[in-house]
Each structure stands twice: as C-alpha cells, then as structure tokens.
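**Student:** Sequence:
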Amino acid sequence: MKKLEFVITAIAAVMLAAGCSSEKDASAGCHPDWTYNSVVYEMNVRQYTPEGTFSAAAEQLPRLQRLGVDVIWLMPVYPIGVEERKGTLGSYYAISDYCAINPEFGTMSDFDSFLSAAHKAGFKVILDWVANHTSPDAVWESEKPADWYVRDSLGNTVTQYDWTDIAELNYDNADMRAEMVRSMRFWLDKGVDGFRCDMACEVPVDFWRDALPKLRADYPGVYFLAEGETPELHEDAFDASYAWELHHLLNDIARGNKGVADLEAYIARDSAAYPAGAFRLMFTSNHDENSWAGTEFERMGEAAEAMAVLTFTLPNGQPLIYTGQEMGWNHRFEFFEKDPVPAWEENGYTEFYRELIRIRHENPALAAGGRGGKFKVVSTEDSTIVFTRTLPDNKVTVSVQLRAPWEWNVTAE
366 MKKLEFVITA
376 IAAVMLAAGC
386 SSEKDASAGC
396 HPDWTYNSVV
406 YEMNVRQYTP
416 EGTFSAAAEQ
426 LPRLQRLGVD
436 VIWLMPVYPI
446 GVEERKGTLG
456 SYYAISDYCA
466 INPEFGTMSD
476 FDSFLSAAHK
486 AGFKVILDWV
496 ANHTSPDAVW
506 ESEKPADWYV
516 RDSLGNTVTQ
526 YDWTDIAELN
536 YDNADMRAEM
546 VRSMRFWLDK
556 GVDGFRCDMA
566 CEVPVDFWRD
576 ALPKLRADYP
586 GVYFLAEGET
596 PELHEDAFDA
606 SYAWELHHLL
616 NDIARGNKGV
626 ADLEAYIARD
636 SAAYPAGAFR
646 LMFTSNHDEN
656 SWAGTEFERM
666 GEAAEAMAVL
676 TFTLPNGQPL
686 IYTGQEMGWN
696 HRFEFFEKDP
706 VPAWEENGYT
716 EFYRELIRIR
726 HENPALAAGG
736 RGGKFKVVST
746 EDSTIVFTRT
756 LPDNKVTVSV
766 QLRAPWEWNV
776 TAE
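Under the working numbering, the first residue of the sequence shown is numbered 366, with each subsequent residue one higher.
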C-alpha cells in the first residue's frame, strides 16, 4: 500500500534566527507564544448557567481550570438589536452597539470583573467580533452617515442569506472602516487577548490586512481567529482559520461515507494550500453546528471521541471544545431563547477531554503551526490510520480506527 509522507516544516528556529517574533504578522508563521499548544474553549454565556450572566460564568472558572483549557472564546457579549429580532432574545450576532454590554449578561463592570478573574486564573480571553454587519437598528444606522451601510435602490439596509435581523456594512466607506478598528481597540484597551472574527470571509480581506498588523503592533501578543477557510486570510492577517472541510469530512467518516484515503488526501491538500505555520481550528462541534446541524453525538454517534482525538493531533490543528462537550451534553441549544445547561458535572467525558488536553500540553510535537512536529503516516491498514508527529526530543504516535469500534490510542516518547 502506498503511504503518504510529508513534512510540516519546523520553522520556528529559522524564524528566530531571522528576527521573527510573536508580534510580527501571521503570514510569516509567527504567532503569540501562548497560542501554539493552546486549547480553545467556546463559552456560550447565555446558556452557560441558569442565570446566564458573567458573574455566574465566573463561578465556573475553577472547573475550566481543572479541565485544562487555555483560551476562553466568549460568544458576542454586545447588545442585540430589537428590530427584526429573531425569537425572544435574538441572535448574538445581530449587534446594536459594538462598545457596550448586553444587559442580559450584566453590566460593563461585570464584564471587567469576569475578564480580571479569567486572567488571574491563567486564561486568555478572546471576544467574538462581528464586522460584517450590525442589527438594522444599531446605533451606527441612526447616528452615522447612510453610506456606512449597503443599501438598496430605496435606501433600505440590505440583509444577507436568511439573516433578516441584520444590516450589511459598506466596506467602501473609509470612515466606517476606521470606526470598526476603533471599536476593536476599545476592547483591546480593556485587556482582551484577541478576537474570533465572525464571517471574516465576508469582509474584504484588505480590511483585515490593513487593520490586524496595526493592532498587533500596538497590542503585542494578541491573537486573531477567522471564521472562514481561505488561505488568503492568513496573508498579513489571521493567526488561525476554520478547518470546515475537515469538520464535514469527520462527519462523513463517522457515517461510513468516507475513510482513511479521504483523510490522507485532505491532510495533503490542506498542507499544500495554506501558508507554512498557519493555524487551523479543528472541532467536532461549535455553536453553529450544535444548534443547526446537531450535537456531535447526533452527527457522529459512537465515533465522536475518535474524531475529537484527530482534532487534537492532526498537523497545524488548534483544537476547540464547545460549551457542554466536556460533560457529554447531548442537547441542541436554542439559539434565540434561554436554554441553559441545568447543572455542570464532571464525568467520563470530562476525563476524556482532560486527558486530550494533558497530552496536547505535554507534547510539543503536537503544537500548531511551525513549532509542531513532522507529520508522517505510518500505516493505513484495516481502516486504521497510524501517524507520528516528531521533533528531535519528542515523538507522538497516534492510532485511530476509522470504523466501529472506533478505537484510538496516543503514545509519546
């Protein structure tokens, strides 16, 4: 059987010799030091506790410490528009004011307290940033010039897809662009550690290429994650992008529609397409998948754990855990209503993710980007992929059976 072998080049030492530092742009393969072995945790504040507040969420930080995650990604914390609101509470992504707090979650002081507590507990905190659109009744729509928005022939704001609760912003307007960056600075001045940028692929890439290097220069060590999957997002712009193709492939593998050869082909294709050192966010669930496509158990069944192992060990991957996964919460959260986790508990799923995180942290060969180890497929016999990630002083061997009984094993030396 022909074996696939390719190298994810270990470029960190070369960059260091060339004067590369974490403050430089992501296109060079440089990222903040804290990001390479990090595990991202997506917190849905509304559903996180029965109270759905920052104060209540802060009480869960010790549990997340025990879990071992590094980065807390807060879903949008801003006020939600009323006009064309969906459901009772509306979509987090229909924002009415970029520089304010959704009163559903508390006050700005409550947010500041949460941020301070998270930092004291050792977490980095990134905010969901929605640059593509606002709600139709956002403060910008009423207070700023009309051409800050895309408008139809009658002067009405424009929606996209079935997002009837939003108004698309006009990136031909330089003043709007400048205000968008100023609003991002508002939160960076508070000490947030970066942004996950919603629908980054819908925003002109030249905006990101202009804005993000300037923000990195003024706020060293910040991190930017793009919801999008195009290589150009990494060119002078983002540290990480979504591995959507991998996610859908993992769903297909779990359903028996794809197999080892498809996974090999994907890894080679993705490695060839993206700049060396680009991070790829890998996941078995997130807020969109959970609410609209179903939980990982609905989509992947008994394969869910094996697929999660791949998200923690494949080259260039930065793994994500979504609210509830760490206790196997098999529930689709209502998107526009209050639908909280009734109570948190630690169980076998907690131990599973805690072990994956431990393996990730203790093995530099599993790091994302250029610091990770060389990737080599050792075997693909009997529907089982065996691969290694190798650095001079650390080697990890991963075995995942891509059919029932979905067994997996990770060893390090």
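Check each hint, because a few of them may be wrong.
Pairs of lysine to aspartate or glutamate, EDC-like flavour, derived with a Cα cap of 16 Å [as the list claims (entries may be wrong)]:
1. Lys451 / Glu416
2. Lys555 / Asp635
3. Lys741 / Glu610
4. Lys739 / Asp758
5. Lys623 / Asp435
6. Lys509 / Glu533
7. Lys579 / Glu610
8. Lys485 / Asp435
9. Lys509 / Glu544
10. Lys451 / Asp635
11. Lys485 / Glu544
12. Lys703 / Glu416
13. Lys760 / Glu716
14. Lys451 / Glu699
15. Lys741 / Glu720
To be clear, the hints were calculated from the coordinates, so they are not data collected in a lab.
**Student:** It remains to establish, for every hint, whether it holds in the given structure.
**Tutor:** Evaluation of the provided hints:
no.: 1; hint: Lys451 / Glu416; verdict: violated (21 Å)
no.: 2; hint: Lys555 / Asp635; verdict: violated (36 Å)
no.: 3; hint: Lys741 / Glu610; verdict: violated (21 Å)
no.: 4; hint: Lys739 / Asp758; verdict: holds (12 Å)
no.: 5; hint: Lys623 / Asp435; verdict: violated (32 Å)
no.: 6; hint: Lys509 / Glu533; verdict: holds (14 Å)
no.: 7; hint: Lys579 / Glu610; verdict: violated (30 Å)
no.: 8; hint: Lys485 / Asp435; verdict: holds (12 Å)
no.: 9; hint: Lys509 / Glu544; verdict: holds (10 Å)
no.: 10; hint: Lys451 / Asp635; verdict: violated (37 Å)
no.: 11; hint: Lys485 / Glu544; verdict: violated (31 Å)
no.: 12; hint: Lys703 / Glu416; verdict: holds (10 Å)
no.: 13; hint: Lys760 / Glu716; verdict: violated (23 Å)
no.: 14; hint: Lys451 / Glu699; verdict: holds (12 Å)
no.: 15; hint: Lys741 / Glu720; verdict: violated (23 Å)
Of the numbered hints given earlier, the model fails hints 1, 2, 3, 5, 7, 10, 11, 13, 15; all others are met.
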